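Peer 1: In case you want the letters, here they are:
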Amino acid sequence: MMNSVILNAATRLLVSLLILFSVYMLLRGHNLPGGGFIGGLTGATGFVLYAIAHGTEATRAALRAEPQSIAMVGLGIALAAGVSAAIFGDAFFTGQWLFLGATEDDKGLPISSVLVFDIGVYLVVFGSILTLVLALEEEV
Amino acid sequence: MATTAGEVPRVYGGAAGWISVLIPAAIFAWLTQFLAPVAAGETVLIGVDWVPSMEVRLSFLIDGLSLTFALLISGIGALVTLYSTQYLGRHPEYPRFVLFLLLFMAGMLGLVLADNLIALFVFWEITTISSYLLIGFDSDSAKSRRSALQALLLTATGGLALLAGMILLGTVAGSFELSVILGMGDEIRADPLYLPILILFLAGAFTKSAQFPFHFWLPNAMAAPTPVSAYLHSATMVKAGVFLLARMNPALGGTEPWFWALVIAGGFTTVFASLLAVRQTDIKQVLAYTTLMALGALTLFIGAGTSDAIKAAMIFLVVHSLYKAALFLMIGLVDHETGTREVEELRGLARKMPVTFLAGALAAISMAGIPPLIGFIGKEFLYKAGLALDTGQLWVTGTIFAASVLMFVAAGISVARPFLGRLPDRLSATHEGPAAMWIGPLTLGALGLLFGLSSGLAETWLVAPATWAVYGAETKVDLYLFREVNAAFLLSLATFAAGLVLYLAHRRLRAVMARAIEISPIRFDPAWDRVLDGLKALAAWQTGILQSGVLQRYMVTILGTLAVGLLATFWAKDVLSPIDLDLAGELDTLQFTQFAIVGFICAGALLAACTSSRMTAVAALGVVGVGVALIFIMFSAPDVAITQLLVETLTIVLVAVAMLKLPTLGLRTEARRPWHAALAVAVGGLVTLVLIAVLQGDIDRRLTDYFEAASWPEAYGRNIVNVILVDFRALDTFGEIAVVVIAALAAFALLRGTRGRRAAEGEGE
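Protein chains in written order, with the numbering used here: chain A, 143 to 282; chain B, 550 to 1314.
The set of hints was computed from the structure by calculation and includes no laboratory data. Remember, it's a predicted structure, so these values are computed and weren't measured experimentally. All C-beta atoms, glycine included, are put in the ideal place defined by N, C-alpha and C. Some clues are possibly wrong.
Which residues of chain A face chain B? A few of them, derived with a C-beta cut under 8 Å, are [as the list claims (entries may be wrong)]: (1) Thr184; (2) Ala213; (3) Leu217; (4) Phe235; (5) Trp239; (6) Phe259; (7) Val266; (8) Thr273; (9) Leu274.
Across the chosen pairs, the derived CB separations fall in these ranges [unchecked claim]: (10) B:Ala1287 <-> A:Phe230: 18 to 26 Å; (11) B:Cys1151 <-> A:Arg170: 34 to 42 Å; (12) A:Leu159 <-> B:Ala578: 56 to 64 Å; (13) B:His640 <-> A:Leu155: 52 to 60 Å.
Put together the whole structure using the sequences plus the hints.
Peer 2: Structure (structure tokens):
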């Protein structure tokens, strides 16, 4: 934890921006550079910055959930996304797609098990990195 | 607590209790619909593709063998869980027990119904693990922990052998589907890999079914709560090995090695176990050893392989599951009411616990092979099949005769001794147990009587279809209680006579056996401990050598090994001579920005090698990382570049945090630094050579082309990297993120562990 006024003030702004950006990276990932890994890393960077500025206790409070639980939930979501294919009669981990409001010309809003899987990846990376960083900062 | 007959059994344990009884009962009811088609000789196949590219299918094969097993598992399961609601219903960990038991049941049902070898293996391991958890359920006792670990290590080692055998078999047969493999027996037996496959399968089956010399874990496993012993270690799990042998009989059976391995191991286990059974004074242990005997007999007769022998094995399988589960539940009930299982302390309980006595008596009469119970038919057919053999006739009939005599004695010890005679004063306050606990043994005992009186029932629905499935062809199965006086019948009479004589002298017999065990030089349990100690010593020795705990040494070892490996490969494969490198031409094509980045990276590396400040070194490495990220951007790999940049950022944060605790770089390190730099340059140079060598050949672009073409139409994504990660190779990604979570949790535990230790040390000071 550093007692720097500039860092503290800048962090408030940067953290929200980083998290917003990380979600943006996650969602655009299927067609443009980005995805769960990158999004998770970006989001984690935001909270790492917060931990440096405000300390780990404040970071844990801001996270609300234990980071290791976030990682485990992410793993569960990814597995559920993979298994869901079996319910539709496809092989394990086959992508399932739903196009909301699709018309002849426009494919509508795509919702897929692949996106759910990527959200799981995001949470795993996010949770795992924060588990490590927070534990290191607290213990060392 | 006194419960009279006729009262509705109360189920304890709340929701967990109800769930645990209803699930197996529902499965049993669901399975009964297959009885008619299977009895007509059909096999039912159900399945979904799971990982089609690796030929892993979740498929189920319902034929006579698997249906018989599945009905026993779910039926006895329902009775055992009902029993447990009383036996363990008030235990604080009861819901956990139910979870383990249902997990086991799922594994066991999957194991017998699986049509895919890989699926079968997964279910096999689920039963191993849940058995470990159940044996060690009383985790405060060192004895049950040891027994659980012993069972786990032995059966899991066998499981690994089995996996290897399955992979070999799958390669030979060209399919992992049992329904295919079972029809290819002749090709498999003619293959040169047949013998290794057989040995690996036998290793799996013998450890699981506790055949000699792997028998010793089973009696130890009796540390588990009695319902577990009744269910896992007599009626179901230990029969998994026998099931595997029976299942594979059409594919692997009928050869000389198969015959002799099974007949010798099975026969020896049979006699050995029944002798040890009469040695015991704890009735649960008596039953444990007779279970070993039954497993041996089943192995023996599956090995013998004639249609009569298979038929006898299948009858005996049903017979044994019914009476043995009943007897285990009975002795658990006696233990529950009197607090002891010692044969010398229990007398005359029949008047105090009449229903339990009735249940136990029915089961024991079946076990002793006395008509009109189905046990008699079972024994009769064992004799008949043994006498009809061409090879090994004397050995098979002899062992089964000896075992039957000793079974008669064991039946007497476990039921006649505790229930008949004069009731000692100490036990005068005993009363009948709750209904939920005697329904199970009574039902099983009554089924033994029902199947004995109307043997057609068992024949049509269970034994005949099971025999066809194991034998691989339809054959006549005709069960009957008595038809004529023949050799088998005379042997039965001799069994009763010998059994009665030995039962009357069983105390002397026990003393003789105790003496024999005392003077025998072979000790299995201590030998097991020595093997484990040896393994631990080996592990400690190699850890001491390989794990120094110094990060620099690890890095030197890893990079040094890499360098040596690369050099050896260069030399052996003669990689360098065909390289044709036009250095001047290559340099001409480079742009200024590319030179700048290379210079940037080299400067960072040099600084890292020369600085005496850790912080500067880390920052310098960051420069190298950013330079590499720039190269990725330049060659249009933005995803990789972004990831690289983010990882660099986080690495610096992590190292900076850790750095606060590290000492400054000392002179000692400085002296080693040139060596480290030289190693780094050497490894870097060798990797560069590899890359140049790779670029000399044509790069196979098939995969890239495929992904470029398929990414949009098949996976609706334009970012190929991401589409590969989350769709085409999602299983790999899932494995990777699982590793990420495990690594994070392990590091977390390590860091927290040091805090706990420091706190403890702080208190000590």
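Peer 1: Now, for every hint given, state plainly whether the structure supports it.
Peer 2: Comparing the hints with the structure gives:
1. Proximity of A:Thr184 to chain B holds as hinted, the smallest CB-CB distance being about 6 Å (cut-off 8 Å).
2. The interface hint given for A:Ala213 holds, since its Cβ lies 5 Å from the closest Cβ of chain B, which is under the 8 Å cut-off.
3. The interface hint given for A:Leu217 holds, since its Cβ lies 5 Å from the closest Cβ of chain B, which is under the 8 Å cut-off.
4. The closest approach between the C-beta of A:Phe235 and any C-beta of chain B is roughly 4 Å, which is under the 8 Å cut-off, so the hint is satisfied.
5. Because the smallest distance between the Cβ of A:Trp239 and any Cβ of chain B comes to about 6 Å, under 8 Å, the interface hint for this residue holds.
6. A cut of 8 Å between beta carbons decides the hint on A:Phe259: the least distance to chain B is about 5 Å, and the hint holds.
7. The beta carbon of A:Val266 comes within 4 Å of a beta carbon in chain B, closer than 8 Å, and the hint placing it at the interface holds.
8. Taking 8 Å as the C-beta cut-off, the interface hint given for A:Thr273 holds, the closest approach to chain B being about 4 Å.
9. The interface hint given for A:Leu274 holds, since its Cβ lies 6 Å from the closest Cβ of chain B, which is under the 8 Å cut-off.
10. For the pair B:Ala1287 and A:Phe230, the beta carbons lie near 23 Å from each other, so the given range of 18 to 26 Å is met.
11. B:Cys1151 and A:Arg170 have their C-beta atoms about 35 Å apart, which keeps the hinted 34 to 42 Å range intact.
12. At about 60 Å, the beta-carbon gap between A:Leu159 and B:Ala578 stays in the expected band of 56 to 64 Å.
13. For B:His640 and A:Leu155, the Cβ-Cβ distance of about 56 Å falls inside the hinted range of 52 to 60 Å, so the restraint holds.
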